[in-house]
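So the sequence lines, in the order shown, correspond to chains A and B. Numbered according to full-length UniProt numbering, the first sequence spans residues 1 to 333. Numbered according to full-length UniProt numbering, the second sequence spans residues 1 to 333.
Please note that a few of the clues may not be correct.
Because identical chains cannot be distinguished in the list, a pair is counted as satisfied if it fits within a single copy or across any two copies.
[Claimed, not checked] No farther apart than 20 Å at their CA atoms in a straight line, the calculated lysine to any residue pairs in the SDA-like style are these:
1. 215 to 10
2. 201 to 284
3. 56 to 306
4. 299 to 256
5. 260 to 238
6. 147 to 250
7. 260 to 227
8. 56 to 83
9. 260 to 326
10. 170 to 25
11. 23 to 216
12. 299 to 82
13. 56 to 184
14. 142 to 238
15. 260 to 55
16. 172 to 83
17. 201 to 276
18. 255 to 227
19. 23 to 308
20. 201 to 106
21. 56 to 113
22. 147 to 40
23. 170 to 78
24. 201 to 79
25. 110 to 299
26. 142 to 269
27. 142 to 239
28. 255 to 40
Worth flagging that the hints you see were computed from the coordinates, not collected in a lab.
There are 2 protein chains.
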Amino acid sequence: MPRTWHLASRPDGMPTAANFALKDIADQALGDNQLRVDNRWLSVDPYMRGRMNDVKSYVPPFQVGEPMTGGAIGEVVESNLAGFEAGDLILHMAGWREGGVIGAESMPHKLPKPMLDAGISPQTFLHNLGLTGATAWFGLLKVAEAKEGETVFVSAAGGAVGSAVVQIAKAKGMTVIGSAGGADKCAWVREIGADACVDYKAGSLLKQLSAAAPKGIDVYFDNVGGDHLDAAFALARDYARFAICGMIDVYNNGKPQEMKYLVRTIPARIRMQGFIYTDYLAQMDQFYADMGELIASGKVQARETVREGIEATPDAFLGLFSGENTGKMLVKL
Amino acid sequence: MPRTWHLASRPDGMPTAANFALKDIADQALGDNQLRVDNRWLSVDPYMRGRMNDVKSYVPPFQVGEPMTGGAIGEVVESNLAGFEAGDLILHMAGWREGGVIGAESMPHKLPKPMLDAGISPQTFLHNLGLTGATAWFGLLKVAEAKEGETVFVSAAGGAVGSAVVQIAKAKGMTVIGSAGGADKCAWVREIGADACVDYKAGSLLKQLSAAAPKGIDVYFDNVGGDHLDAAFALARDYARFAICGMIDVYNNGKPQEMKYLVRTIPARIRMQGFIYTDYLAQMDQFYADMGELIASGKVQARETVREGIEATPDAFLGLFSGENTGKMLVKL
């Protein structure tokens, strides 16, 4: 009787525990082309907030009363699907649950054995070799076209995507300025290679960023929106590129963003581009090859914030919006 | 004794007549590599507002107590500069004055005689074959990469740049929605080919635009910023491109722009790019060839709002910010 989180109601503003309901699911017979899976790791990601609204977007909304989904690593316990057998570790999209019967709609993929044998942990495929790592790599190198010698500003640099951006940018010879909330997180952001870290809880973001980047920034990797984005507009050098990955500051409030420096788009010829890493699926081989090497060489490391047990899933998810994670937030089952 | 407008003081917010002073300039002897010119047409353009501030930008600021400059068409009356002779009509940057002695720093160019002989008026080189036409052409076709069959929204569609965008877009097989202030201007915007025109003085811009573009917009050509830009974010289709040419709404007030729909950058993968047409000088031949043909075939026509006499120059300039112009604002001497 695998337990599964359902969307109990849609949030108005910041979600709460009341929006989620954990329900037992009756054991199901295994059909053709299906797998029975036992989940080991569940991913919670900021983009899931958008799926809680009843709005058409790049991923369909969760439905009230229905199971929630998301990235997960599981072990196959029974297989009627060609190419999979009991014991395989797989990445799939039937997260937010202990496990159960899944089919092709959950996009199961076997984790590559050579990488596991080389010591890469299975949950890496939920961060640096998964959604967050690919988002960081494509956003920095393909969307923003960041180059050696340039100055990169990345917000939420202590998060899963941000910390990957910091490390990839350093490995490629860029100057990196991160932002994070609090002295501890900033210390860690510097530890993984950032040349400077702006603590947005410790005074004016714009003043601190201006001091850290006296010549301005060439690239901004946005995970936050709001004041961070406005500071980037203020300090953008000519022909700066902004890769807009997320705006966690505004997902939970309907307030307009007050942009004082947006007008600099014209004199500085700024290019701002929204993106989703799945637009780059055709180039995933490039990502795996380069990122695999960066991880194997130790140039890109991971930090995980782990919550234990299926019950902790909504709490882990809500923690993303109050900055409780350093690195990737995961639920371990 | 050619009279010349000087910057008397820097404006705080909306400029007034008191920021300008008309002074006699003593007759000057003609030096080597200089021309004496009699101006016929002066250009006033929104970008000049930026030059009134003491801020480093893509064009240097006007200096208090010094003559102002800008695009002008003049007739050469005396020449010590090789390649020019008395009677030549030239385009140069020593505007805001009746004429006088100019050198290479004013970038004199002879107007091409074949085009004048074909009936193209000299002042066309201050609009459709000059700064505003090139801004429209490069912004629409190179920056936003607008294509046949797409839906284009252009703000300030009754202005010099906007009306050129409307006509170029129609000539290239796009659906065009303009915005303008007032029924008369909107009628003219439709007359020059727009499929619809949104009157921003007549109710909610967003509702009107949404009705005019029920499937959303592929391209936004921004001359205005503020609510117009936010409406474009609200209605952008996937992979929409915004060419940001101007933000006349915000040049005279220091207020932040309240962006409610900026967050759509991510799910719709919007690309927003600021530009200045001089970034495309290497491609001017393409522009002259294509735009010359569009003008010769009557597909792109001009409307001019003309003020008479050197005294009227500041008034003509200030009229740009209250929408007094339909098409290109010019001063005729």
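Open item on the list: Check the structure against each numbered hint from earlier and tell me which ones fail, lowest number first.
Closed with: 1, 2, 3, 4, 6, 8, 9, 10, 11, 12, 13, 16, 17, 20, 21, 22, 23, 24, 25 and 28
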